[in-house]
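Listed below are the residues making up each chain.
Protein chains: 2
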Amino acid sequence: MGRAQEEHEEERAGGRSAIRLFVEAALDARAPLALTPAQTHYLRSVMRQGPGDRIRLFNGRDGEWEATIESLTGRAAAVRPGARLAAQTPVPDLRLLFAPLKATTTRFVVQKATELGVGAIHPVLTHHGQTRRINVERLRVHAIEAAQQCRRLDVPQILPPCPLADALAAWPQDRHLLACDPNAGRSVSKALADGGDKPWAILIGPEGGFAPEETRMLANHQAVFLARLGPRILRAETAAAAALACFQAIAGDWR
Amino acid sequence: MGRAQEEHEEERAGGRSAIRLFVEAALDARAPLALTPAQTHYLRSVMRQGPGDRIRLFNGRDGEWEATIESLTGRAAAVRPGARLAAQTPVPDLRLLFAPLKATTTRFVVQKATELGVGAIHPVLTHHGQTRRINVERLRVHAIEAAQQCRRLDVPQILPPCPLADALAAWPQDRHLLACDPNAGRSVSKALADGGDKPWAILIGPEGGFAPEETRMLANHQAVFLARLGPRILRAETAAAAALACFQAIAGDWR
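Line order of the protein sequences matches chains A and B. To convert, note that position 244 of the first sequence is 244 in this note's numbering; the numbers rise steadily by one, no gaps. To convert, note that position 103 of the second sequence is 103 in this note's numbering; the numbers rise steadily by one, no gaps.
Mixed in with the good hints there might be a few duds.
Claimed, not checked - Under the rule of at most 20 angstroms between Cα atoms (straight-line distance), these lysine to aspartate or glutamate pairs were calculated in the DMTMM-like manner:
#  : chain 1 : residue 1 : chain 2 : residue 2
1  : B       : Lys198    : B       : Asp174
2  : B       : Lys190    : B       : Asp253
3  : B       : Lys190    : A       : Asp197
4  : B       : Lys190    : A       : Asp253
5  : A       : Lys102    : A       : Glu70
6  : A       : Lys190    : A       : Glu145
7  : B       : Lys102    : B       : Glu137
8  : A       : Lys198    : A       : Asp253
9  : A       : Lys190    : B       : Asp253
10 : A       : Lys102    : A       : Glu145
11 : A       : Lys190    : B       : Asp197
12 : A       : Lys198    : A       : Asp174
Unchecked claim - Simulated coverage check for chain B against chain A, where a stretch passes if three residues somewhere in it have a Cβ under 8 angstroms from a Cβ of chain A:
#  : segment
13 : 142–153
14 : 231–243
To be clear, the hints were calculated from the coordinates, so they are not data collected in a lab. Since the structure is predicted, the reported quantities are computational estimates derived from the model, not experimental observations. Beta carbons: idealized from backbone N, C-alpha and C, even for Gly.
Full structure from sequences and hints, please.
Given below as structure tokens:
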């Protein structure tokens with residue numbers, strides 16, 4: 001059983017039986033849409049769908065729509081949107097900056113960030129980072145897959161990778177940055193309370209932690225709140241999921 | 001490169017270069033200890049250690065000790081504890097109850113629960129659970145691996161699996177249970193504030209959610225606080241990591 005099929009089994013087991021696809025096109029009930037070759041393959045060979053079967057579509061702008069498969073061959077599929085099932089929900093104004101990890105771990109971070117309601121994901125290069133090869137298109141595919149599964153109506157934006165120093169130099173005035181560092185003195189809940197109601201971004205360092213010059217740069221930056229995620233050492237991907245969950249519970253849309 | 005070696009690479013990249021092993025025996029500086037065959041293999045073939053190399057040991061009771069490898073062959077290893085490096089830290093009084101998932105996902109949950117400071121892990125069987133075959137010994141191996149890597153000085157206890165109804169029937173008077181349910185009206189932070197300072201356990205349902213009779217049973221139980229983890233659908237393993245992080249930040253040892 002392939003990964004996609006395994007995930008389908010999970011979805012069925014979860015009662016999340018509606019197949020949801022992200023499309024780029026505008027959604028309205030008048031015109032059929034052509035799906036991509038990857039979506040066609042997914043519908044036909046993984047999900048065993050056929051003409052007449054119903055799926056759901058979203059595009060990040062027009063809400064969620066029911067749609068009927070009009071044609072489905074080995075090479076092409078057309079679907080026709082029917083009723084709109086849900087209005088578009090606002091995109092969470094929360095960013096995640098992270099130092100890219102191994103491919104499977106990066107996929108995990110993008111998946112969890114999507115589920116946990118991040119609006120934009122920004123890979124940043126740090127001294128101890130595990131890789132400098134970042135395939136932005138691949139990250140976007142992970143984000144789309146996760147959005148399809150967690151019933152989000154949008155896909156987090158993937159920002160172009162850049163060195164951490166550049167991201168800090170160009171940092172906007174109107175956004176706080178919660179930088180997670182095991183050596184920080186302040187707790188996450190304290191940092192979020194201290195920062196107050198501006199929009200936030202969360203920065204997770206690489207497995208090796210920040211280099212001393214990076215910690216200095218962060219400590220001296222006016223937007224940065226250094227904070228620690230408890231007394232145990234977390235893997236970078238655990239830290240990402242944990243920090244995002246804390247943010248949502250304390251200052252975000254889980255309140 | 002095998003999984004163990006990959007994780008070694010991660011540890012080195014993370015500057016977490018000390019090899020840490022959990023042992024059952026008492027730790028003191030007088031007598032050498034024999035390691036298990038699995039530990040012997042790990043030291044020799046995965047970590048390429050030899051006699052004279054130094055590692056660290058912990059047993060959940062006596063703190064962390066430096067130790068020197070005295071002998072290491074294909075079949076047996078002996079190590080001699082030297083100096084005690086750290087005193088024992090208290091075991092977090094937080095429990096995780098979860099409906100067992102596929103093997104890889106269960107490993108993930110045990111690993112994250114260990115990193116996030118859970119004292120005991122209790123597999124509970126629910127109507128929509130993905131499996132009824134639970135290998136407690138395997139869960140313990142995952143917990144030991146994770147404790148060795150996250151520098152915990154103890155290993156979470158794995159409690160014997162039982163049906164959710166039995167766990168609720170035998171529930172202790174002095175512990176709250178935060179039951180995560182997407183249909184609950186209360187937020188996690190509200191539930192934790194409402195419950196106050198008793199010890200807590202956190203219950204994560206299966207991928208398919210709780211069955212109606214399970215939700216009823218939870219809603220009617222005096223120890224239970226039903227709460228939701230935000231507006232998006234989380235995978236069960238994401239929910240586990242997210243709820244534990246929220247607990248630690250709001251009511252646990254991350255404050």
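Run through the hints listed earlier and report the numbers of any the structure violates, in increasing order.
5 and 6
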